[in-house]
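Novice: Listed in order, the protein sequences are those of chains A and B. The numbering of the first sequence is our numbering, which starts it at 1 and goes up by one. The numbering of the second sequence is our numbering, which starts it at 1 and goes up by one.
Keep in mind the hints are simulated off the structure, nothing from the lab. There could be a bad hint or two in this list.
One copy or any two copies: either way a pair holds, since identical chains are not told apart in the list.
In the SDA-like style, the derived pairs of lysine to any residue whose C-alpha atoms are separated by at most 25 Å in a straight line are [said to hold, decoys possible]: (1) K17 - D233; (2) K17 - S72; (3) K17 - G314; (4) K17 - T229; (5) K17 - V33; (6) K31 - W304.
Now for the letters of each chain:
2 protein chains.
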Amino acid sequence: MISRVLSAELPEHIGEKVTIAGWLHRRRELKSVTFMIIRDRSGLAQVVLPPGAIAAFGEETVLQVEGLVVASEQAPGGAELIDPVLTELSGPATPPPFDLYRPTLTATLPTILDGAPTTLRHPRLRAGFEVSAASAAGFRAALDRLGFTEVFTPKIVESATESGANVFAIDYFGRSAYLAQSPQFYKQAMVGVFERVYEVGPVFRAEPSDTARHLAQYASLDAEFGFITDHFDVMPVCREAVAGMADFVGERAAPAMRLLGASLPSVPAQIPHIHFAEAMELISRATGEDVTGEPDLAPAHERWLCEWSLREHGSELLFVTGYPLASKPFYTHPDPGRPGYTNGFDLLFRGTEIVTGGQRLHRHADYLAALASRGMDPAPFAGYLQVFEHGMPPHGGFAIGLERWTALLTGAANVRQVTLFPRDLHRLSP
Amino acid sequence: MISRVLSAELPEHIGEKVTIAGWLHRRRELKSVTFMIIRDRSGLAQVVLPPGAIAAFGEETVLQVEGLVVASEQAPGGAELIDPVLTELSGPATPPPFDLYRPTLTATLPTILDGAPTTLRHPRLRAGFEVSAASAAGFRAALDRLGFTEVFTPKIVESATESGANVFAIDYFGRSAYLAQSPQFYKQAMVGVFERVYEVGPVFRAEPSDTARHLAQYASLDAEFGFITDHFDVMPVCREAVAGMADFVGERAAPAMRLLGASLPSVPAQIPHIHFAEAMELISRATGEDVTGEPDLAPAHERWLCEWSLREHGSELLFVTGYPLASKPFYTHPDPGRPGYTNGFDLLFRGTEIVTGGQRLHRHADYLAALASRGMDPAPFAGYLQVFEHGMPPHGGFAIGLERWTALLTGAANVRQVTLFPRDLHRLSP
Numbered sequence: 001m002i003s004r005v006l007s008a009e010l011p012e013h014i015g016e017k018v019t020i021a022g023w024l025h026r027r028r029e030l031k032s033v034t035f036m037i038i039r040d041r042s043g044l045a046q047v048v049l050p051p052g053a054i055a056a057f058g059e060e061t062v063l064q065v066e067g068l069v070v071a072s073e074q075a076p077g078g079a080e081l082i083d084p085v086l087t088e089l090s091g092p093a094t095p096p097p098f099d100l101y102r103p104t105l106t107a108t109l110p111t112i113l114d115g116a117p118t119t120l121r122h123p124r125l126r127a128g129f130e131v132s133a134a135s136a137a138g139f140r141a142a143l144d145r146l147g148f149t150e151v152f153t154p155k156i157v158e159s160a161t162e163s164g165a166n167v168f169a170i171d172y173f174g175r176s177a178y179l180a181q182s183p184q185f186y187k188q189a190m191v192g193v194f195e196r197v198y199e200v201g202p203v204f205r206a207e208p209s210d211t212a213r214h215l216a217q218y219a220s221l222d223a224e225f226g227f228i229t230d231h232f233d234v235m236p237v238c239r240e241a242v243a244g245m246a247d248f249v250g251e252r253a254a255p256a257m258r259l260l261g262a263s264l265p266s267v268p269a270q271i272p273h274i275h276f277a278e279a280m281e282l283i284s285r286a287t288g289e290d291v292t293g294e295p296d297l298a299p300a301h302e303r304w305l306c307e308w309s310l311r312e313h314g315s316e317l318l319f320v321t322g323y324p325l326a327s328k329p330f331y332t333h334p335d336p337g338r339p340g341y342t343n344g345f346d347l348l349f350r351g352t353e354i355v356t357g358g359q360r361l362h363r364h365a366d367y368l369a370a371l372a373s374r375g376m377d378p379a380p381f382a383g384y385l386q387v388f389e390h391g392m393p394p395h396g397g398f399a400i401g402l403e404r405w406t407a408l409l410t411g412a413a414n415v416r417q418v419t420l421f422p423r424d425l426h427r428l429s430p
Numbered sequence: 001m002i003s004r005v006l007s008a009e010l011p012e013h014i015g016e017k018v019t020i021a022g023w024l025h026r027r028r029e030l031k032s033v034t035f036m037i038i039r040d041r042s043g044l045a046q047v048v049l050p051p052g053a054i055a056a057f058g059e060e061t062v063l064q065v066e067g068l069v070v071a072s073e074q075a076p077g078g079a080e081l082i083d084p085v086l087t088e089l090s091g092p093a094t095p096p097p098f099d100l101y102r103p104t105l106t107a108t109l110p111t112i113l114d115g116a117p118t119t120l121r122h123p124r125l126r127a128g129f130e131v132s133a134a135s136a137a138g139f140r141a142a143l144d145r146l147g148f149t150e151v152f153t154p155k156i157v158e159s160a161t162e163s164g165a166n167v168f169a170i171d172y173f174g175r176s177a178y179l180a181q182s183p184q185f186y187k188q189a190m191v192g193v194f195e196r197v198y199e200v201g202p203v204f205r206a207e208p209s210d211t212a213r214h215l216a217q218y219a220s221l222d223a224e225f226g227f228i229t230d231h232f233d234v235m236p237v238c239r240e241a242v243a244g245m246a247d248f249v250g251e252r253a254a255p256a257m258r259l260l261g262a263s264l265p266s267v268p269a270q271i272p273h274i275h276f277a278e279a280m281e282l283i284s285r286a287t288g289e290d291v292t293g294e295p296d297l298a299p300a301h302e303r304w305l306c307e308w309s310l311r312e313h314g315s316e317l318l319f320v321t322g323y324p325l326a327s328k329p330f331y332t333h334p335d336p337g338r339p340g341y342t343n344g345f346d347l348l349f350r351g352t353e354i355v356t357g358g359q360r361l362h363r364h365a366d367y368l369a370a371l372a373s374r375g376m377d378p379a380p381f382a383g384y385l386q387v388f389e390h391g392m393p394p395h396g397g398f399a400i401g402l403e404r405w406t407a408l409l410t411g412a413a414n415v416r417q418v419t420l421f422p423r424d425l426h427r428l429s430p
């Protein structure tokens, strides 16, 4: 390895000769002195040179810098490097068409996304991905603790699963196949094997709508488990997963959150919940608009409910339970006590739905009846339905969209800002 | 939740009335007594009934069983349930066309794979996936410790990446696109952002060959990092990853390994290595067949080298370094001291290559030269090459195929046995 200390470690080496290595983040040539800021994975380091000494290197050149560490109040971390000897480690770098050293990148989102391999080096853009990585790790840790097993399911499937719309078609050795919209059927089948499973993996939606919160590929944090009574057993596990995500962000990505000026939600031991019908009545009363007949929450309703939850329960998180059958997929378990409603739920956070989940049907006959009542042909689901003939316990689960969660957590206005190389209706590269 | 104890916990409850829940794994009706074996995620529990009592339930019915725990030398774990009260939790189960209670499933691999949602419930089949889950967790833990950041990269790409062959074409909103064969280019670009990254995710290969070790989709454990001197800095990190995988299997999946009669390799602090050219000379001398002109190792050579490594170094793992340029992709860094050879390596384990890795090119001009010397058009790689114009440190990485590793670790003859729902030339379901 190239022997070096990280820039964050400089203050521990005052008075010593050390080597650092990283990207030339910024050059500042003053009359009597030249400053060079070196960026590495731990942060920034200041290097002091005689005037004119670094004209040869463009920004983003990768440099190895040997020098003497001295205390300096003006330098990041309180230490800087003097008397440097510079060695270029990359090819001669062309400075990118962005000033990565400015506090925020001044470019439009499409320009930032086109230049993603380079723009993501900006500390504020990078920070979002530290939050996203910590969140995924927190999700897994929470479910590992609860005895869940990780699974890896197929992303190429024989027939469109959840619904026939919004699927990507693929040429599979001359046969037609599709990209999986979710691991729904596989994770349910795996309840029969492991009882409790989770998967962190890509899902694909051919979303024809070009909104700030839809992507053609996103990372889905999926969980499913058996031996529940109803969806009120699924919600506490979902709460543990979300709490685990927030905890890990607090532990592993605190500097990133600070840099973004973002704050963690406090996740209540019991996240408050409200039934869909009751929510619609509240909204109707409060807004004067009668929404009690609607089958689903509109974005404005989700925002209203989140404000209500914060006001009423002091919680940025709110479960909405019992969504109408019409707004939930066919595998959703109906509410046995309330015709037309289900044992499905959503979790709202800062104005937006981030989790959808619920109890699923577990009896073979119920699946056939549910498909028939929706006028759906059971034939394409034969492989899926097979497992329910051979004994499945009452079960349920949920799915969290990693990018949407990260966007809401970090205050990103568009989910694409926290997606490494987003894919959407118009974007297929880089 | 359905209140219950797990079958493995029964011995702690002798003399108490408890409830268990799980699948009816086996019924044994003797003259004077009927035994019922209940399977849950922790193992098996024996329930004693009066004769004829369970005729109503087919195998794989999910049952809740309340009863008194008594000590019993014949029962699994030394305890069994008597005076049971049975409640059916699933629909009436149709017994699957396999005897899941037999020590091994007596069916051909295609039959087992066709029935995967049910056959995977067999303890021996399930065991392989416990090993695979533990391995993935161990990979992540090892790299987390070394300061790596997890990334999630696009699986839909604009142009065939590594090579034009063996890619799946997809209809992307009316444009043509492909499924990613590897996260290679993205993980390299992310070295510019995080210095050290890993990804655990699916990769897709339209493999026209139908062998015991090839899949159309597999889980790739990918790592990439910067500020290396050469591939001899990549190999120790690869060693840490493999050691972490073996450690986690030992910690989390020991019963699964025991059930399979499988043994963990001891991973040496330094895995032995041999240069490709030297390996070919050894093989030529030993076998009498001159293979010194060959550009790659044949499967028989890999097996021979593994036997040699075990004999010579007492290691089941062996790095082969310096593969010829012709057998490695264009982004592989050549060996500056040995024309025609590279700074690429493979890791062999129990007769088969499980890891491929190496140092990559990091200078823009070198990429253009490498493509030109292979007669490849640089245009489709423009988005990829862009990042090397803006300062990339010397870097390298590796990729481990999770299923292949798991197969070799557990002694599975075919990689499909340890793939949840394998995809290959002929198989697209379930």
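Novice: Hints first: check each against the structure and report whether it holds.
Specialist: Hint by hint, here is what the structure shows:
no.: 1; hint: K17 - D233; result: between (59 Å within a copy, 24 Å between copies)
no.: 2; hint: K17 - S72; result: within (16 Å within a copy, 71 Å between copies)
no.: 3; hint: K17 - G314; result: neither (53 Å within a copy, 42 Å between copies)
no.: 4; hint: K17 - T229; result: between (65 Å within a copy, 21 Å between copies)
no.: 5; hint: K17 - V33; result: within (21 Å within a copy, 82 Å between copies)
no.: 6; hint: K31 - W304; result: neither (57 Å within a copy, 67 Å between copies)
In this structure, the earlier hints numbered 3, 6 are contradicted, and the remaining ones agree with it.
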